[in-house]
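Asker: Use these hints to put chain E onto chain P, whose structure you have.
Residue numbers (our numbering), protein chains in the order written: chain P, 1 to 339; chain E, 1 to 339.
Hint data in this document are derived by calculation from the structure and do not stem from the laboratory.
Don't take every hint at face value.
The list treats identical chains as one, so a pair stands whether inside a single copy or across any two.
Simulated pairs of lysine-lysine, DSBU-like, Cα-Cα distance not exceeding 30 Å [claimed, not checked]:
hint	residue 1	residue 2
1	Lys265	Lys220
2	Lys18	Lys209
3	Lys206	Lys63
4	Lys173	Lys302
5	Lys265	Lys63
6	Lys82	Lys243
7	Lys148	Lys206
8	Lys243	Lys265
9	Lys45	Lys173
10	Lys302	Lys18
11	Lys148	Lys302
12	Lys63	Lys220
13	Lys45	Lys209
14	Lys206	Lys265
The lines below spell out each chain.
Number of protein chains: 2
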Amino acid sequence: MENASYQRIVLAARPQGKVQLTNFRLETLAQPTFAALKDNEVLVKNHFLSLDPYMRGRMSTAKSYAAPQALDETMIGATVGKVVASKHADFRTGNDVIGMLGWAEMGIAHGNTLRLVTSTVPLSANLGVVGMPGVTAWYGINQILQAKAGNTLVVSAASGAVGSVVGQLAKLKGCRVVGIAGGERKCRYVIDQLGFDACIDYQLAKTEKELFTNLSVAAKDGIDLLFENVGSTIFDASLACLKPYAKIALCGMIAGYNGEAPVLKNCNKLLTMRAMLQGFIVTEHMEIWPEALQELAELVVKGKIKYHETVAQGLSSAPEAFIGLLNGQNLGKQLVKLS
Amino acid sequence: MENASYQRIVLAARPQGKVQLTNFRLETLAQPTFAALKDNEVLVKNHFLSLDPYMRGRMSTAKSYAAPQALDETMIGATVGKVVASKHADFRTGNDVIGMLGWAEMGIAHGNTLRLVTSTVPLSANLGVVGMPGVTAWYGINQILQAKAGNTLVVSAASGAVGSVVGQLAKLKGCRVVGIAGGERKCRYVIDQLGFDACIDYQLAKTEKELFTNLSVAAKDGIDLLFENVGSTIFDASLACLKPYAKIALCGMIAGYNGEAPVLKNCNKLLTMRAMLQGFIVTEHMEIWPEALQELAELVVKGKIKYHETVAQGLSSAPEAFIGLLNGQNLGKQLVKLS
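In isolation and in its complexed conformation, chain P is listed as follows (with noise of 0.2 Å):
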């Protein structure tokens, strides 16, 4: 009898600017079976493989925080699956895992790079708000910008599934809370189903002084916390409204993330605002995650988080989805459901 098949996606070819379908190749590969396994491996089948914007940075062959993705090889991505064959003490047949599969309906993995999903909330929402975004929003919050009641704090790609987890996580301390987001359906989704006090329509601004201008209107006394996901001129346009002894906590600069310089032109403000900027990678921070999803899995089943999800169908769609992501055309959480 022949093995059944499974599909994954590899890098192709690495993007020169943009990122383009021709980047990715679908291929078609026979299922590993139990006797593949080596010892503490773990054979899993996927349900979900997230979608997230350091992808565009590992695909690229410049220094940064990580290796570059490999050519030819399946594309990284957090997952959430099934065990279909265990040879690791802690997970058996059935359990449901989250892992680092990559852009595949199934595979091997060590056991070691596996944990449970939290089983309070949906499967999915262990890729997004109970998972490396929502803990994300959490260290930026509570370690880096220590968020107090009274604060105003700022954070861009608002809709997104850090900025969402971030905006709220602040009005639950008691911040003045100010998104800043690309349309009005994302601008209205923040303040209506979030609760965020407002939300700036960046694709709203004709130049850089009207950001500006509608940033500072919205957060009028001034900036004490960014939270800051894009770079660029909406990066420039919190820096001018930064008040003293600001903090910023800095995530992503998605907007430099196809190669052009994300150009600055406000970071006199950093000194003159006496501010405090950390970069951070939340993966370099495990010791805070245990507390981190527990505390936003109880948020989340209490009603007191809400998330969004855009879900694509099936792994030939990742690829698109994910161009969709870098564009800004989802809203909350991109996830592609596989099986």
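Answerer: Below, chain E alone, put in the same frame as chain P:
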């Protein structure tokens, strides 16, 4: 008998772009007398005036950490001088004191704004290495950067009043120290006289890429600690050389002080290197001054910190000397000798 006269320099007009001699006006006034003093005031005849880059900021009305210098008032500035009359219990005639008497041969100050000089070092050193510039260096090295043996530290404006102390303090802590300065004379000075390990002459680099290459060779394992005084392309070159978890003390951005936007291209390194940046103003941290001044004075007395002064003669030379400072023409601390 008529009163004797004294001279002062006032801000005559705010600069548009580069500072010009016509921004200043020399005035002659009648000397104040003991009778003019209110309770707790002190009449001081100044020996030296300190010229510092921060003064450029005060000449503009742009929002910053301090109110702008008023037009037609004595230019702000730190001074060291001798008490000639006192109605304050802590000061008596003949005391040498540090104050903010400004660009003036004499003046009246409230006793609370004065302090006695550190007598173990020359008078003028109280305005430099054992004064505000030295404490600025000390604060950045100890409080922000927390320099440790084996760290590679880069400091821009390396031969200046602040930079020269930064590098020497870092050497005493066992750091590898690379300076950035303009011209062979300054570079030779910090290497041969101050003991820096290397110094990049930014004037020799024809392109930004060449500056980056030169710096990346000198700081060959990357930058752990950056003490930034300049901004613009010089800051950009250092950003490009950051190591993971680099720390940055942002002290000045003199390249932008003439009003042009000092654009930065490499801010993405703050994210990818997970850097921490802290802007600061040393006068907001008065609690560390006593310890810092004592340590700096001891190091100067022991010959472990060296310093150089560029001294202009007479109050009327101050505007030209200040313009020279902004253009990088001085070596070490820029002073004006008044009497």
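Asker: For every hint, state whether the structure bears it out.
Answerer: Cross-check of the supplied hints:
In this assembly of identical chains, the alpha carbons of Lys265 and Lys220 lie at most 30 Å apart whether taken from the same copy (21 Å) or from different copies (29 Å). In the homo-oligomer, the alpha carbons of Lys18 and Lys209 lie at most 30 Å apart both inside one protomer (27 Å) and across protomers (24 Å), since each shortest distance falls under that limit. For the identical chains of this complex, Lys206 and Lys63 are inter-copy neighbours only, at 25 Å across copies versus 34 Å inside a copy, given an alpha-carbon limit of 30 Å. Proximity of Lys173 to Lys302 under the C-alpha cut-off of 30 Å is restricted to the intra-copy arrangement: shortest distance 16 Å within a copy versus 52 Å between copies.
Both within a single protomer and between protomers do Lys265 and Lys63 lie at most 30 Å apart by alpha-carbon distance, with minima of 24 Å and 16 Å respectively. For the identical chains of this complex, Lys82 and Lys243 are neighbours neither inside a copy (48 Å) nor across copies (39 Å), given an alpha-carbon limit of 30 Å. For the homomeric pair Lys148 and Lys206, neither the shortest alpha-carbon distance inside one copy (33 Å) nor that between copies (48 Å) is at most 30 Å. Taking identical chains as interchangeable, the C-alpha atoms of Lys243 and Lys265 lie at most 30 Å apart whether they share a chain (17 Å) or sit on different chains (23 Å).
For a Cα distance limit of 30 Å, the shortest separation of Lys45 from Lys173 qualifies neither inside one copy, at 39 Å, nor across copies, at 55 Å. In the homo-oligomer, the alpha carbons of Lys302 and Lys18 never lie at most 30 Å apart, since the shortest distance is 40 Å inside one protomer and 60 Å across protomers. In this homomeric assembly, Lys148 and Lys302 come within 30 Å of each other (Cα to Cα) only inside a single copy, at 22 Å, whereas the closest approach across copies is 47 Å. In this homomeric assembly, Lys63 and Lys220 come within 30 Å of each other (Cα to Cα) only across copies, at 16 Å, whereas the closest approach inside a single copy is 39 Å.
Taking the shortest alpha-carbon separations for Lys45 and Lys209, neither the intra-copy value of 50 Å nor the inter-copy value of 48 Å comes in at or below 30 Å. With identical chains, the CA atoms of Lys206 and Lys265 are at most 30 Å apart both within one copy (17 Å) and between copies (23 Å).
Violated hints, in rising order: 6, 7, 9, 10, 13; the structure is consistent with all others.
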